[in-house]
Every structure is written in structure tokens, then in C-alpha cells.
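**Student:** Here is how the chains run, residue by residue.
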Amino acid sequence: MGVILNLNPSILIVDDSRMMRDIVTYALECAGYTALIQAEDGVDALEKIAAHPFDLIITDINMPRMDGIQLCQALQKEEKTSSIPIIVLTTESSDEMKSKGRDAGAWAWIIKPFLPDDLLHVVTTILQEHP
Amino acid sequence: MIAPFNMSRFIDLFIDESRETLEKIEKLLLALEQNIAITSEEINDLFRYLHTLKGNSSSIGFLYFSKLAHELENFLDAMRHEALLYTPQIGENLIEGYELLNEILTLEIAKEINEELFQSKCSPYLIILRTYLNAPPPTQQSVILEKAPVHAREGETFGFFKKVLKPEIASPLLVIEPKTKAEPPTKEPHLVGNASIRVNLEKIDNLMNGIGELVIAMSMLEQYADNLTDQKIKNGFNERIGFLQHTIRDLQDSVMSTRMVPMEQVYSKFPKLIRDIAKTLHKEILFKTSGSDVEIDKAMIEGLSDPLMHIIRNACDHGIEPSDQRVQLGKPIEGTITIEAMQANEQIIISIHDDGKGIDTQRIVEKAIAMNILTKDKALTLSHKEKINLIFEPGFTTTTDITDLSGRGVGMDVVRSNINRLGGSIQIDSTLGEGSLFRLLLPLTLAIVDVLTVVIGNSHFFLPLSVIIESLQPQTSMIQSMGNKNNEILILREEAIPIIRLHTIFNIETPVKSLSEGMLIIVRYGTSKVALFIDIFLNQQQVVIKPIDKNFKAIKGFSGASIRGDGSIGLILDVVAITAIYKHSKGIV
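Here the protein sequences come in this chain order: A and B.
Position 82 (the first sequence) corresponds to 82 in my numbering; numbering is contiguous.
Position 404 (the second sequence) corresponds to 1404 in my numbering; numbering is contiguous.
Keep in mind the hints are simulated off the structure, nothing from the lab.
Be careful, since some hints might not be right.
Claimed, not checked - One side of the interface only, derived from the structure: several residues of chain A facing chain B at Cβ under 10 Å:
| id | residue |
| --- | --- |
| 1 | 16 |
| 2 | 43 |
| 3 | 62 |
| 4 | 66 |
| 5 | 90 |
| 6 | 105 |
| 7 | 126 |
C-beta: ideal position from N, C-alpha, C; glycine also.
Could you build the full structure based on these sequences and the hints that come with them?
**Tutor:** Structure (C-alpha cells):
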């Protein structure tokens, strides 16, 4: 398991499913992360990001109101938020989805169902690169 | 990892969330039936619901459910891209899919699903779906062998886009922006910021119990204050108690409100039920609801579900006439069933109305006479309402043919006793040819009940106010003995009401043995009344009901317990059970 550099990086977990949010939260909690905030869709996420600086965002793609791709795009547009690393966590494994995610500014992707170790690997790698 | 990762702890959450999502799907599909056309927004919503079900179930390891959701998602995806156009037939297929999802979910939860069962339940359906899509029929390949059917291809489960690998994009930003590292690390727990959280009902019950204890501590203080002799201190004490009382009541109200859920949850089952019944009976039935935002105690929903279902079934089956009959009668071809909820006078009132044929009181009376429930002479004296109320007699039924739906198993007497068990009552009004109205009057909550404290010997009991009709001190002229010596009857306004001596039922020693020395409390018992004989009654109060421990279940005659102001336990009297004991002792079954 990687070393956590930022002593307490804050991470926003965006998913319209309460269970998915809780699973991701729990996986990160098990690895010692504690500053974990949840949002239920893109709109909710933007509100929370405006109120609180985050070191990392993990988002689902398929969500009501504002999906994960739109969320990435919205964050890219603003200078204040364009540097926050984003991981897309989705059941969609197509290349089309991946290129959409990349074009929208995501940093990494993880396919659901995911292994907690994979999630932690991606999270720690990004936080090491961009602490 | 610091702690092992255990997915099974999410199963309950998964089940809850999936049921909610399935309800949304059901609602959408039923609305579709009315509208014929589907909007792209509705297709997107359906797609997203199925997508969530698929993703979540594969995460939790419900692979059969995930597989089915996946197939349906593909189907919706084709509709989303207009490769497939909506027809009412497709609507039917989707409803069928929804039903299968429910069935497979139940089997997954029960851990009863296997490959063979899944194939036998779903194969024919999946073939239909694939026929629409011109896709090859599903292979008989095992779901388990396919692993998670939604998993990434070529074993890739994650990956990085260029950005992370090219630090030159990221690093300048790093230099310019000291960023969040300088910020104090957030200590907020992850739940902060969520507008709502899910709480186990048990935890709320614990809170409620805690408040119950507070109420008790409160009344102990009040009793203590009563004994104070110094009037000045006593007044000051009472004033502060008043403030405490107010705060406790507010606290009680806010905890109560967390137990409340909108009637919507009760209503959500019925559209599908009615649709299915209407289809079986070849009737056309329109279902309307109002008051879906009226709130009701969550604990009550369970007990309410069966009675409502029964009433609605009856309305579909016996109330609404077949379409051709309705046309002949000049009624709209579509029958209408309306369910309405409102809150008034600290009560929830639920009305179920149908515009069907109404209750034929003549037929009911004939049947009652045939069943020996009623004598011909008595029948002549009955009012319209009393005649209708005959349907609450145990075992009463007017249908000679047994239909699949209402059958003969459960009668209105069971509906009534279920409602009574919730501390509520039921009223019926009906006009022949025009329809029937069932009205359920229910308390706002099951947790707190208004009671009257009654005394027998040295014992105190609580009697729920909801069952009390009146109380009186009888004169000897009002009492008559019937049959053998021990059957005492109260004659009140030409009505004969059996008297039940509670001290005999519970075997309590009391100096008050003569009826004219004590009190009679007349209470509702089903359609009739009984008079309970007690020594005297004291105050009226609100108590928090606590269930009686399993070990004491053998003690009959009580529905629960509560703690009294002096800390002792008061049992809550159950009229139905008491009457049963009485009848048993008299050899009446």
C-alpha cells in the first residue's frame, strides 16, 4: 500500500447511488483517509467544491441532473478547479467512454465493480504525483 | 489496508436502494401505460435506473440480478439511440422485465438462485428482448463463468489518462499554487453536507424510549412537587417543571417526525395491484390518489398494508361493475377507485372510494339471517348503517362463488381487527348503485397512546382512550342477570351490554365487588360493546408504549406496557383479548 503524502487529503466522492458512495468511502476509510465528502450528482458536487477545496474527486459517470463527464468539463472551465485530479469510476468500459472521459479532463478511470486495492492504487498514485 | 474490506456490510443498503430504484421503475412504467408514448427523458431515466441496478448488484456479487439488469439496460440503450421505437407491446415487455427483476432480487437475497433456476425463469424473456434487437439469442453460458458480465474487457480494471504520466502539465500548477496543503486538513466526517441520512428504525425507537424515560422522570418530579408544603418553593418548582415539560414535548415531536414517512410509500403498491386485477377481471379501472404527502408513522405502514389491500381488492372485485354493465347503467366505462389521506384532529383519515355498485343491504340482511347472525325481527329494526356493518361479522360473506381475488379466506372482520390493532377504527358508507366509501381513522403514531388510568384493588392499568365510548356508575335497576347467575348485562338506552368484571378476569382482590359501588366503562368491541367493571378511574394521560417481553407473552389481556409516574409498570388493557378470556370463561367460543 502506498504512503499517504498529504497527511489528510480531502476527497469528494460523487455517485447517485448511496451504496456506491458508501463503498468507496469505506474502502478509503479502511486505508486511513478520513476527509471524505459525498455528493449525489454533478450539481451537488459543484456546490460542495465551491464551498470546500478538494485534493481529489472520484466520480461516477451516469447520474441525473449533471453526469460525470459534464462535471469534468465544468471543473476544467474554471481556473480554480481545473487542477483538481479527477478519477472516473464507472461501469462503462467502452473506448468511447474512455476517450470522452479523457477529453473532459479526467485523470484516470476505474471500472465498476472495482477491487478496493485498484482504487487505492489509483488514488495514491495520483496523490503522489499531485500532492 | 488498515481494516479488511468486507462487502457484505453493504448488502442491506443495496437491498434498500434497489427496492427504491425498482419502485421508481414501476412508477414510470405504469405511467407509460396511460400515456402510450415515451419521452426521451423517460427512456434516459429508465436506462439510468437499470444501469445503477446493474453496477450496484455486480459490486455486491448479485451476478444473476446484474445479468438481467444488464440485458434490460442494453434494451433501453437501443431505445435511447432510437434503434428501437416504443410500442405498447414493448411497454408490456418492460413491465414483465420489472417483475422478473423483483423476483430474481428476492431469490438473490434468499440465496436461492442458481444457474438452472435463473435460466428457467429468464431465458424465454431474454430471447424476446434479443429478438427485438436482432441480436443472437442468449447463450446458455453460465453467468458465473462469464464472471461479472459488466466487467472491463481484456481484464483491464483501471488505467490512467496521459495527464498523470506527463507531470509537466501538472507540475507548473503545483508551483503556482501551494493549494490545499496549506489549508488545515478537514476534520469533517464524510456525512457532513448530506441533506439526509438513513437511520435504522431501531435507533429511532431507542431515542423514543429515551424520551419515554424522560417523560417518566418528569412525572416523578411532578409528584414530588405535589408533596412540597412550602407554597413559594412549590410554585417556583412547578414553573421550572413547566419549562422542562415544554422542552420534552418539543423533543418528542421532533423525534416523532423522524419516524414519519409520506403516504406515497403506502400508495406505491396499489397501481400495479389494481392494474393486474383489472386485467384479470377484464374491467377498466382508474386509480386516483391524493394526500400522498400526508405523513404516517413508519411502524404503521406494515399493519396498514394488508387491510388496505383487502379493501381495494374488494372494490375492484365486488365494487366496480364489468364494463358492459357500466355502459348499460349509463356510468362511465372506466370505474374509478380513489384513495385519499388527510390529517385532522390528531388522526390520519384514509378514505377509499369506488364508484361501483355499492353494498346491497337487502342481500346482506338475507345472508345474515341465513347464517343465523341475525333474526328476522331484529332485521326490521336495523338502520342502514347497522345493516352495512353486518359485513364485519366473523365469517360473513355474500359471494356465493369464490373468485381468485377476494376468495373467502379473509373477511372484513379481519380487516377490522387489524385496524383496531393499530388503535384505529373503520367506517363504511355505501349507496346502492352509486358506490362505497371506506374510511379508516388511525392514530398519528403507534409509539404514544392516550390512556385512562383505571384502578382495580391495588393495581393500576391503562385503558386506551380510542376504545372508550362512555363511563358510568350503574344503578342496580340497570343490571340484569341472564342465564345462569354469573352473566350480568347492563341495560343502557334499550341496549344490552355484557359486563366483564376485570377483577375476576385478572383475579385481583378488591373491596369493590358490588356493581353499584364501582364504575363501568363501556368500550368498543368489534361491532358491539362491552362494559368493563373497575373500582374507579383516575387521570387521563399520554404514555409511551413498550412491548411486553417475550417471557411474559403467556399473560393474556394486555397489548403492551408503560411506566407510570412513580416508576412502577402499568399494563395497557387489550379489550379484544379481555373479551376472549371472558367468553372462554363463560364457555362461549
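**Student:** With reference to the structure, classify each hint as holding or not holding.
**Tutor:** Here's how the hints hold up against the structure:
1. 16: This interface hint holds because 7 Å falls under the 10 Å limit.
2. 43: violated (13 Å)
3. 62: holds (5 Å)
4. 66: Violated: closest Cβ of chain B sits about 13 Å from residue 66 (chain A), beyond 10 Å.
5. 90: Because about 8 Å separates residue 90 (chain A) from the closest Cβ in chain B, which is inside the 10 Å limit, the hint holds.
6. 105: holds (8 Å)
7. 126: holds (6 Å)
Going through the hint list in order, the structure does not satisfy hints 2, 4.
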